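Residue numbers (the numbering used here), protein chains in the order written: chain A, 1 to 657; chain B, 1 to 657.
Keep in mind the hints are simulated off the structure, nothing from the lab. Do not take every clue at face value.
Stretches of chain B that chain A covers, calculated by requiring three or more beta carbons in the stretch to come under 8 Å of a beta carbon on chain A [what the hints assert, rightly or not]: (1) 535-549; (2) 562-568.
Simulated DEER-style distance windows between Cβ atoms [as the list claims (entries may be wrong)]: (3) A:SER79 to B:LEU629: 41 to 51 Å; (4) A:ARG477 to B:GLU315: 52 to 62 Å; (5) A:ARG547 to B:GLN301: 54 to 64 Å; (6) A:GLY399 to B:ASP384: 24 to 34 Å; (7) B:ALA312 to A:GLY399: 57 to 67 Å.
Derived coverage of chain A by chain B (criterion: at least 3 residues anywhere in the stretch with Cβ under 8 Å from a Cβ of chain B; other residues may be distant) [unchecked claim]: (8) 532-538; (9) 557-570; (10) 624-631.
Given the structure is predicted, the values throughout are model-derived calculations rather than measurements. For glycine and all other residues, C-beta sits at the position ideal for the given N, C-alpha and C.
Protein chains: 2
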Amino acid sequence: MVNQRADIGWQSSKSDSSGVSNSGESSKESSRCSTPVLDADRTDRLRDKMKRRIESGDHWFSLEFFPPRTASGAVNLISRFDRMGSGGPLFIDITWHPAGDPGSDKETSSMMIASTAVNYCGLESVLHLTCCNQTKEKITAHLNKAKRLGLKNIMALRGDPIGEDWVEEDGGFNYATDLVKHIRCEFDDYFDICVAGYPKGHPEAESYEDDLRHLKEKVDAGAHFIVTQLFFRAETFLKFLKDCRDIGITCPILPGIFPIQGYHSLRQLVKLSKLEVPEEIKQVIEPIKDNDAAIRNYGIQQAVEMCKVLLASGEVPGLHFYTLNREVATMEVLRQLGLWAEDPRRPLPWAISAHPKRKVEDVRPIFWASRPKSYIYRTQDWDDFPNGRWGNSSSPAFGELTDYYLFYLKSKSPKEALLQMWGEELMNEESVYEVFTNYITSQTNRNGHKVMCLPWNDDPLAPETNLLKDELERVNRRGVLTINSQPNINGKPSSDPIVGWGPPGGYVFQKSYLEFFTSSENVTALLQVLKKYEPRVNYHIVNVQGRNITNAHDMQPNAVTWGIFPGREIIQPTVVDPVSFMYWKDEAFALWIEQWAKLYEDESPSRMIIQYIHDNYFLVNLVDNDFPLDSCLWQVIEDMFVLLDSPQETQEEGSDS
Amino acid sequence: MVNQRADIGWQSSKSDSSGVSNSGESSKESSRCSTPVLDADRTDRLRDKMKRRIESGDHWFSLEFFPPRTASGAVNLISRFDRMGSGGPLFIDITWHPAGDPGSDKETSSMMIASTAVNYCGLESVLHLTCCNQTKEKITAHLNKAKRLGLKNIMALRGDPIGEDWVEEDGGFNYATDLVKHIRCEFDDYFDICVAGYPKGHPEAESYEDDLRHLKEKVDAGAHFIVTQLFFRAETFLKFLKDCRDIGITCPILPGIFPIQGYHSLRQLVKLSKLEVPEEIKQVIEPIKDNDAAIRNYGIQQAVEMCKVLLASGEVPGLHFYTLNREVATMEVLRQLGLWAEDPRRPLPWAISAHPKRKVEDVRPIFWASRPKSYIYRTQDWDDFPNGRWGNSSSPAFGELTDYYLFYLKSKSPKEALLQMWGEELMNEESVYEVFTNYITSQTNRNGHKVMCLPWNDDPLAPETNLLKDELERVNRRGVLTINSQPNINGKPSSDPIVGWGPPGGYVFQKSYLEFFTSSENVTALLQVLKKYEPRVNYHIVNVQGRNITNAHDMQPNAVTWGIFPGREIIQPTVVDPVSFMYWKDEAFALWIEQWAKLYEDESPSRMIIQYIHDNYFLVNLVDNDFPLDSCLWQVIEDMFVLLDSPQETQEEGSDS
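Please build the complete structure, drawing on both the sequences and the hints.
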């Protein structure tokens, strides 16, 4: 099962393996896609992805979240999207709460959370939308906004009427069917539409059969798939499924799975959804109702058993999980079912945005490797995204840093934690070197805290950076403050667990890369040393004023990560680009001040140390072009230190010679 | 000297090696070229190339040719362009003969020969143009046509007046200066303009000084460089050069070198140009005037000595050779001077067209590898040429095969030679297998003739194909009639003499490729075998009716040759493209009939054998995607033969299953 999951996204190449197509002369006229489709999942619509999965018998799961109440809750939820996204959900969905201004630009609105999931986390997302007590204009405005933000899927719901006395309005939105019709009428085929099914019948429906007829109407009005309300017994769903099929509902019907996570949340949910908990469940949980761990374990076991029955029926292509914004129970159920992608294949070395406008994007500058959301944010207004070659995109304009404080660019850690990691008080530049070194080594600092992040790296070291740990530690100790690096790779299989990406059967390559801040004295020596490494090493050296020293040929980008795959053109997803480096340096230098210096009082020695570094250090990047050989970049740094240790020679040349 | 020449085209990366540019903030706004400039020479204007060569002290040579009288003369001259082009001339020039309809579309016209040199041979070319007795409209029409054909350089000459009584016309073209002015007036800066200098003064000039003043006028009118009339003593040129500089002529002045090649041609030339042969030369050649070889040897020695003096003066950046459309003497002089590029660096694996519209082109389908002129011809009407990725070019339309008989697509060999090579009479399909096998092995056939070409390969085997000789021989003997192949290459230096291309310091790669005709029985077995090689081997199999069998993923192209270079994006110059394969197959099948079957009488057995193959065989291409491993394609063919030898199994599956 895990192996099967590890192939997510490459089914189309598998299903092609019959290998025989009889296209005759007309194949000349084929309207071939203009860019290599690395992954059909990336460009397909949700309905098509489902279709392909159903055909291949490859089970999927999806995850439901609700919008958070606070900004810090939003930051946490987005981190959760990243973590749970790595398990390979086919989609996630975000609920809609009419009382909470769900269509607004607030960072906690349903609209913005769904937008973030699509654009920044690269997740196929379904936005809920309720129509009850809404005008057509308002609904259309929400849908237009969703479309503009890159959302392609809507879960069309009636929603709960406000107040007790709900009367049908003529021509208004009385049922979800009306909303489905409205979406199809106003937006034609643009949105994939999901509707809700009630295995026990909607509590307000006249009868189970009447509710089934309503569901049929919703599907006939243009819905593409159904997600059901939660239920407690597999047979409840399987009967419902059969009844749906019997009255001619043919679209995918996904069971809503609710792993019981606690006594009180269960009671609350049951009350809200007007469901009855079966006796056999009550009998188990009542005696342990004060033991949270025991209830959660039971919930997991109960969900796993039920899901196994559902999947074994052969009638259930995917499972939909009500997560209640929690991770543990759902992940555990998925792991036990073998549906969690333990080693998700990366289509590219960086996470792809799910915005339809970006679907051809397959080249990015390496500089934002640790800040992909910032890159997406700063390029959100681009009309075209580079594909095939970075160079095909002519001098794109990066967004300014004015909206810099946008919540999803903020550090996940609160100020207190940052001070503990980076020092309540800095003594000198060496204190800063120590912070960098501790980050690299994952050792606790002198106050007993681990340095888990840096302004340029919100997460611990990437596994491939770990490969360089010893060398990085050595140079950071001496003031070569590394913020980005990658080892050289000379043709590892695309399935390599650390450096692999892309379709199976390919080979990936990298040029060795190192990016760091360092003092102008070091740069003077470095430039002297670099003469010996022409043309093997390309460099870009810049300070905050933009003084730029480079040996880049005609300002051309240098491809530093590429892959060769069966039956495809070459993919080169990462470049060192001289032009965008000048945009990145603004951001890289600003992070010293915005994320670090501002932790301290104005005029405090600590703040002045960071300010000094910001004002005087250079940002340097080095590429070793000779990827089949051992990287020479460590030797370059070593040579620089040797030269610095023989002071009479370093005086010969100025840093801006 | 040879080493220096071997670096042609990469000076800009060398001259960059100071490596330091202080561009500051403004570098963000750099108007970077939208495609990787592999070779600045490729996009520069002739005047810029000269400037760069002069700055780097890198001597060049150029070659003058005149248009041929007959179509077969044209085919020979174009082959000579290819051979002499490989020595690395900075440019060639084509003379203009007003009496010979030089601006027409005839295959022998100056215009068409120059166009062929630019477009099909990839040579920087200068078209001569004379203005004497011409109307402005006629001249402008010639220039417009030249521009349309991709010509960028004009040698502006007065030309000889027709008849004896030449009178100046008011407002007409009386001097080359008028033509230079006209070109600059009508075409602004579009053309690079060359004018003629006369080291002894023009024979019709009133005085040497008067002629120098005329030359100054031509340069002041807008000429970019000067080529001189031939001369016999280095001091003649050096004095002329000094006199030019003294009156303020600063542009490059190239000495015209005429290696004496025979007694009669010398006399004729001297008569035409009204020059005097110096006594010391007369004294040597008069006694040996009947010994052609001796005169030629003397001519070579005399030219070499003179050129050495010129180059040693430090005032001569390049040498211009009057070839008289012959190869031996000029090549020998250049070899002795160390100017002939013995191992010319290939910027790409295939010859680049010099047409300005094609300057970004850096991807082509592999199918035309042995027929690059045909590819250029069939794509001449494209508005855009693929660069970076083939896939970026959306379903380009290939030109039809109607103009198929255009002279430069014809075989260089006459019918009699083809019959000797391919057989006066074919007995059966095996006779055809034998022709292919003899071509591969370079052995003489049963009539004692070597098979030097095939309809799909006008030249002997490429050196890299030679690497596969034994395998190719084995399979051709059994009716796998190979027409194109390349070995796999896993990262050889770009300087490799056989498979290298592109800038120094890079690495080149290839996927193993094999293309062949074979019978439908073989294809049936092959398809059975290929199932075992999924997804390692990609295949396209097509017959003349266009029945197409492939396992290509979404009709995507497969990059089969690529290179990784310092400081650049990845270059992937050769692809196997499913769409263009359907255009190639029309041509590949047509060659059986047009070049081979038509050698024989209608209804003759030989003709019917070729017709049978044309009608019934399939064209197959195979790519082994696993380039780091030994190619499996030979094993695929071997497996096919094994299966064919066990007949009961082959019956299971039809060829179009």
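Verification of the supplied hints:
1. 535-549: Satisfied; 9 residues make the cut.
2. 562-568: Holds: 6 residues of the stretch 562-568 of chain B have a Cβ under 8 Å from chain A.
3. A:SER79 to B:LEU629: 41 to 51 Å: 42 Å, holds
4. A:ARG477 to B:GLU315: 52 to 62 Å: Hint holds: Cβ distance 58 Å, inside 52 to 62 Å.
5. A:ARG547 to B:GLN301: 54 to 64 Å: 58 Å, holds
6. A:GLY399 to B:ASP384: 24 to 34 Å: Holds: the Cβ-Cβ distance is about 30 Å, inside 24 to 34 Å.
7. B:ALA312 to A:GLY399: 57 to 67 Å: 60 Å, holds
8. 532-538: holds (count 4)
9. 557-570: holds (count 11)
10. 624-631: holds (count 4)
In terms of the numbered hints stated before, the structure departs from none.
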